[in-house]
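Participant: Sequence:
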Amino acid sequence: MQKIWIALCIGLSASSAAYAAVDDADDWAMFSRILALVQPIVHLAAHSADPQAAQKAMDSVLAGRDPRANRIASDLLEEALADIPPEHRPLIHSIGRDMLVLARRQQARAEAGLSDAPVERAIRARKELHAMGLRYWDEQQFREAQARGDTIAVELFLAARGLKNLPGAR
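Per my numbering, the sequence shown runs over residues 726 to 895.
Keep in mind that the hints were calculated from the coordinates and are not lab data.
Computed from a predicted structure; not experimentally measured.
Be aware that one or more of the hints could be misleading.
Calculated cross-link-like contacts (lysine to aspartate or glutamate; reagent style EDC-like; alpha-carbon spacing at most 16 Å) [to be verified]: (1) Lys781 - Asp791; (2) Lys852 - Asp863; (3) Lys889 - Asp863; (4) Lys852 - Glu880; (5) Lys889 - Glu864.
Could you put the whole structure together from the sequences, leaning on the hints where they help?
Facilitator: And the structure:
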């Protein structure tokens with residue numbers, strides 16, 4: 726859902742900028758293309774029974790699987806680059822392609838269930854154990870926490886993932 730809001734904000738910002746500068750047919754054409762990119766996604770979000778419909782549509786656009794969106798985005802890019810000196814255009818195209826590769830890579834990681842969330846949880850648990858005066862790798866401290874029934878400390882030890890040889894440790 727975050728991708729959808731980001732896309733909408735970008736689209737609305739771009740359309741606001743285009744609207745502010747609307748004084749000729751070219752500006753109206755650009756404004757129209759921006760609206761054409763944003764409208765179907767907003768419509769899906771508002772009217773689909775599938776709560777993931779808008780996300781799927783946005784993923785399809787970002788993955789380049791929507792020929793209509795590809796065409797519109799290409800036209801928008803060409804219009805945006807029209808006033809940029811020709812020697813800078815290849816760099817902008819290269820950056821754009823690399824940003825799409827990064828977005829697709831992140832999307833693939835998310836679809837595969839790979840994320841940095843478990844690592845972030847482990848780091849946070851280690852910091853919390855440290856704040857409690859405990860060492861995340863210390864088996865003796867883990868066993869003492871178990872013996873005294875300190876479920877919070879035990880859960881933090883397990884989340885910290887520093888005790889690989891204990892039953893129940895991840």
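Participant: Hint check: Lys889 vs Glu864, CA-CA at most 16 Å. Holds or violated?
Facilitator: It holds: about 10 Å lies between the C-alpha atoms, which stays within 16 Å.
Participant: Please work out if Lys781 and Asp791 have their alpha carbons no farther apart than 16 Å.
Facilitator: holds (11 Å)
Participant: For the pair supplied as a hint, Lys889 and Asp863, is the alpha-carbon distance within the 16 Å limit?
Facilitator: holds (11 Å)
Participant: Lys852 and Asp863 were given as a pair; does the straight-line alpha-carbon distance stay at or below 16 Å?
Facilitator: holds (14 Å)
Participant: For a C-alpha distance cap of 16 Å, please report whether Lys852 and Glu880 respect it.
Facilitator: holds (13 Å)
Every hint, counting from the list given before, is met by this structure.
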